[in-house]
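For reference, the chains in residue letters:
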Amino acid sequence: MDLSLNVNGRPEQFSAQPNELLVERLRDGLGLTGTKVGCDTGQCGTCVVRLDGRSVKSCLILTAAAAGSAVTTIEGVTTPGGELTGLQEALREEHGTQCGFCTPGMVMALGELVENTEHREPPTEPEIREWLTGNLCRCTGYHSVVRGVQRACSAARAQVPVEQGTAQPATAAASGQEG
Amino acid sequence: MTAVTGETPLQAPIQGNGLLGQPLDSREDPQLLRGEATYVGDIDLPGTAHMAILGSPVAHAKVLSIDTKAAEQLPGVLKVATAADFTDVMPLPCIWIPGGVESHFPPHPYGLPGSRPVLSGDTVRHVGDPVAVVVAETPRQAAAALAAISVEYEPLPVVTRADEALAEGAPQLHEAVPGNLNAYWTCGDKDRTDAAIAAAEVTVELDLVNQRTINSPIEPRGAVGDYNTATGEYTLYASTQGPHNHRFLLSALVLGIPFNKLRVVAPTVGGSFGTKGYLYPDMPLVLLLSKALGRPVKWVDTRTGLMNSTVQGRDHRQHVTLAGTRDGRITAVRCTSYANLGAYPSTIGPGVATALMGRSISGMYDIDAAFCEVYAAFTNTVSLGAQRGSGRAEAAFLMERLVDRYASEIGMDPAAVRRRNLVPKEKFPYDNGLGWTYDSGDYQLNFDRAIELSGYADMPARKTEARTRGKRLGVGIASYVAICGVGPSTRMSKEGMLGGTWESANIRVHPTGEVTVTVGSASTGQSHGTVFAQVAADELGIDPATVNVYEGDTLKAPYGQGTYGSRSYSMAAPAIALTARKIKSKLVKAGAVFLGVPEDKVVYADGKVFEEGHEDDPEKSKTFAELAMAMWYGWGLPPEIEPALDETTHFDPPDFNYPFGTHVAVVEIDELTGETEVVAYTAVDDAGNIGNPKIVLGQIEGSILHGLGQALMEHAEYDPDGRLVSRDLNHYALPRAIDAPFFTLDKTTTPSPHNPLGAKGAGEIATVPPAAAVVNAVVDALSDLGVQHIDMPVTPEKVWRRLRGESQ
Ligand code: FES
Ligand code: FES
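So the protein lines, in turn, are chains F and Y. Residue numbers for the first sequence follow the working numbering, beginning at 1 and rising by one. Residue numbers for the second sequence follow the working numbering, beginning at 180 and rising by one.
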């Protein structure tokens with residue numbers, strides 16, 4: 001069947017078997033090998049991409065089901081050899097990666113968390129760990145990743161203008177206590 | 180979950196002003212974070228065909244017939260092959276044969292014992308045992324064609340436990356191995372130990388199951404074979420941690436081709452933890468099929484495939500005994516172990532199950548009499564191999580369980596018993612009576628630090644407080660010594676290792692003053708590029724940014740044995756430091772010529788050569804870059820000094836090194852659900868001088884979680900028919916981010932005298948004690964119920980049953 005996707009801002013047209021998985025289209029069809037395959041069962045999270053902004057496991061989605069959507073892969077997050085995003089930079093500073101096989105999937109999954117916390121209280125450590133449960137890492141023990149997310153969230157919030165920052169419910173509650 | 184703040188004191192510089200000891204950022208990370216690194220699955224050579232492997236669905240059977248005709252007719256299929264197509268290919272050798280080189284297998288053509296064939300012909304011996312391969316245009320076509328191959332099996336009886344495999348009348352796996360016994364191996368002094376146990380005031384015994392686990396690197400294995408018809412050369416790209424070693428074993432011992440006709444390239448490797456140092460059938464198969472088809476052949480495993488083919492770990496059943504006095508002095512330890520080697524001896528599996536475990540059982544303690552015997556047996560399971568902390572973790576588990584059992588028997592505090600028996604500082608080098616001689620250590624200092632940092636003294640109060648929340652709090656200590664730095668080649672030959680275990684490095688100084696370091700090891704995620712540049716730059720006194728590092732390609736790197744057993748920093752890095760010293764001494768000689776002063780007046784320091792006392796005089800000093808250019812030109816050098824700067828060192832240490840440490844786990848058990856939560860974890864490790872504490876910190880954190888995984892959830896479980904129940908990540912639990920709080924970490928530093936950096940192994944050592952620490956903590960929490968032991972993994976169900984008074 002003939003399908004189309006918008007991948008990293010570029011329209012792509014192709015014909016695919018009905019049972020083709022999105023991860024196969026990305027890796028084999030489009031040569032975007034930053035997205036990894038680590039399991040056969042949707043458990044490891046190495047294949048996470050953003051589908052219309054939401055992080056999803058691309059090994060669990062048929063290409064046909066994603067048709068017409070906007071897909072962002074790790075290749076769409078930075079330019080080759082280019083500057084790292086705030087999250088990537090924070091993960092670099094905390095050495096949140098070792099063999100790196102789980103890393104693209106983590107960056108894609110955590111990107112959603114970090115972006116969504118720009119305008120509210122930073123996630124707590126348990127929240128970060130909860131968010132990470134869909135991504136397996138055998139090297140790091142996750143602690144450096146968690147520290148990286150904490151760092152990235154503080155940095156992201158630091159960039160939000162003060163007026164917006166003070167409008168947050170949690171911050172308001174804190175000032176309430178002061179009052 | 181109570182989160183202890185993530186202390187990271189390991190990140191502090193430890194060696195003063197030098198580059199070593201500095202937590203430099205990993206230079207590998209940006210590429211990994213952008214998803215730009217090339218793993219074997221990402222390699223896409225022009226014209227690549229794809230291979231799929233048909234594994235046996237039954238654990239033990241005679242293969243009566245294989246019909247491949249239907250598969251051959253399917254679209255895209257290029258070739259279907261069975262064992263009959265590879266009769267001239269030799270079996271995959273086993274190169275670690277405990278107790279010597281005699282083998283129970285028919286002699287290998289090169290005098291080495293054979294083990295598994297590239298494809299099984301007459302008999303299959305475990306689920307997943309490969310019987311046929313398909314090569315097709317696409318991976319999907321290759322996978323689809325597997326279903327069209329029909330194989331007729333005549334089932335044979337199955338055995339999956341080592342002790343049962345050795346019993347009278349057990350199913351036989353190999354004709355050449357009567358009774359399934361690969362090796363009976365011992366170490367220590369049996370008579371002395373038996374006598375000490377017989378005479379002891381107190382003895383305690385335990386029956387332990389160190390369950391089989393699956394290492395599960397997140398990247399499954401893969402291989403690409405590329406035969407060049409014009410040159411007759413083969414190239415193998417593989418997820419390997421030992422490219423040179425694989426080159427040697429594959430060329431000379433399996434394919435029977437000249438060594439110099441095979442190139443092995445390890446691209447970025449997505450974790451290994453021991454499993455990717457082994458020879459697997461897929462490696463020769465992609466090479467042979469590439470030659471047969473005249474195109475590159477690629478194979479990438481699935482997760483289920485990995486679980487049924489990649490070596491598994493641990494798997495001992497043990498009866499262990501400890502003897503001591505009423506007042507807490509340990510006098511003897513004895514272990515009888517049944518080790519499950521799986522269906523075939525993997526490349527070094529038998530050594531892991533014997534020497535690595537047995538010689539380590541006495542741990543940190545000064546014990547007069549010790550003895551270990553291992554029956555290593557074949558069963559209808561996946562082959563056994565290394566697993567992060569291999570052998571040493573199994574040893575620490577039994578000893579640390581025994582110490583707690585003993586402490587409870589004599590009514591002493593487990594910390595006090597341990598402290599009383601630690602090898603005292605003045606006894607180093609210490610011969611442990613089991614075959615290892617510990618190089619250096621200050622065990623008391625390390626132990627006390629861990630106990631203090633964990634807040635051990637506050638545990639009674641914390642237990643009382645936890646009870647008010649319906650939780651039982653338990654605390655468990657585990658200390659360990661881990662042999663690392665494999666190793667002294669001659670010493671390893673006495674362990675039955677058929678091969679050298681030295682390591683090498685080359686340093687080439689370019690005319691413009693930049694430096695390239697090449698090493699024989701190969702990273703599987705340990706930031707070698709960062710750390711090895713740091714070592715060279717530290718020694719040469721130059722900016723690490725001017726140093727790059729290559730490894731992992733046998734065409735470009737000097738020989739080496741690879742990355743395993745936490746050896747790279749204490750084996751390859753010393754080779755680099757020694758090579759840098761050769762460069763420096765050559766520069767001192769050349770400097771004497773260039774500066775026109777006698778050699779004994781020439782000093783090399785901070786990346787400069789100068790006349791003694793004239794460091795800042797530009798007339799009497801030359802920078803590293805100036806010297807590099809001068810050596811490239813080679814003008815004015817006397818005949819005894821060769822131009823250019825290009826040196827190599829092969830480092831074979833005088834002995835191993837022995838990192839050690841003490842970990843303390845605090846768990847809370849939910850009275851209602853039986854769930855065990857690790858609420859605090861303290862680890863104080865001693866890995867000698869550390870090169871890059873940021874890198875080591877990451878490895879320690881990962882290692883601890885891996886160890887907690889074995890304690891709490893991991894289990895490679897086979898059903899009675901020999902089918903792996905835990906065949907994928909839905910059925911095999913790996914620790915996730917929610918499974919542990921931040922760890923409290925610290926270190927002590929006892930340099931090893933066995934290498935010029937004072938380094939000890941670090942990467943996996945922290946996997947050694949966590950299982951024992953956690954099980955000790957769980958038993959502590961349940962001790963008032965009369966619980967003396969609980970088998971791993973400590974699942975909620977097991978604990979829940981114990982809470983209700985059921986026995987194991
Ligand atoms: S490959 Fe998609 S979750 Fe593992
Ligand atoms: S860094 Fe290796 S699996 Fe996460």
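Derived by calculation from the structure, the hints in this document are not laboratory data. The beta carbon of each residue, even a glycine, is placed where N, CA and C say it ideally should be. Treat each hint with caution, since some may be false.
[Stated by the list, open to error] Chain Y side only, calculated, beta carbon under 8 Å to chain F, not exhaustive:
{"#": "1", "residue": "Val448"}
{"#": "2", "residue": "Thr703"}
{"#": "3", "residue": "Ser905"}
{"#": "4", "residue": "Asp907"}
{"#": "5", "residue": "Arg915"}
[Unchecked claim] Beta-carbon label-pair distances, calculated as ranges:
{"#": "6", "chain 1": "Y", "residue 1": "Ser672", "chain 2": "F", "residue 2": "Asn19", "range": "51 to 57 Å"}
{"#": "7", "chain 1": "F", "residue 1": "Thr124", "chain 2": "Y", "residue 2": "Glu805", "range": "31 to 37 Å"}
{"#": "8", "chain 1": "Y", "residue 1": "Pro225", "chain 2": "F", "residue 2": "Asp52", "range": "32 to 38 Å"}
{"#": "9", "chain 1": "Y", "residue 1": "Glu896", "chain 2": "F", "residue 2": "Glu12", "range": "41 to 47 Å"}
{"#": "10", "chain 1": "F", "residue 1": "Asn19", "chain 2": "Y", "residue 2": "Gly435", "range": "22 to 28 Å"}
{"#": "11", "chain 1": "Y", "residue 1": "Ala784", "chain 2": "F", "residue 2": "Arg54", "range": "55 to 61 Å"}
{"#": "12", "chain 1": "F", "residue 1": "Glu12", "chain 2": "Y", "residue 2": "Glu316", "range": "18 to 24 Å"}
{"#": "13", "chain 1": "Y", "residue 1": "Ala263", "chain 2": "F", "residue 2": "Arg54", "range": "38 to 44 Å"}
{"#": "14", "chain 1": "F", "residue 1": "Thr124", "chain 2": "Y", "residue 2": "Asp223", "range": "41 to 47 Å"}
{"#": "15", "chain 1": "F", "residue 1": "Arg54", "chain 2": "Y", "residue 2": "Arg599", "range": "57 to 63 Å"}
{"#": "16", "chain 1": "Y", "residue 1": "Ile436", "chain 2": "F", "residue 2": "Arg54", "range": "50 to 56 Å"}
{"#": "17", "chain 1": "Y", "residue 1": "Leu734", "chain 2": "F", "residue 2": "Arg54", "range": "55 to 61 Å"}
{"#": "18", "chain 1": "Y", "residue 1": "Asp963", "chain 2": "F", "residue 2": "Asp52", "range": "28 to 34 Å"}
Item to check | Hint check, failures only | outcome: Numbers 3, 7, 10, 13, 17 and 18 - these are the hints that the structure violates, sorted from lowest upward.
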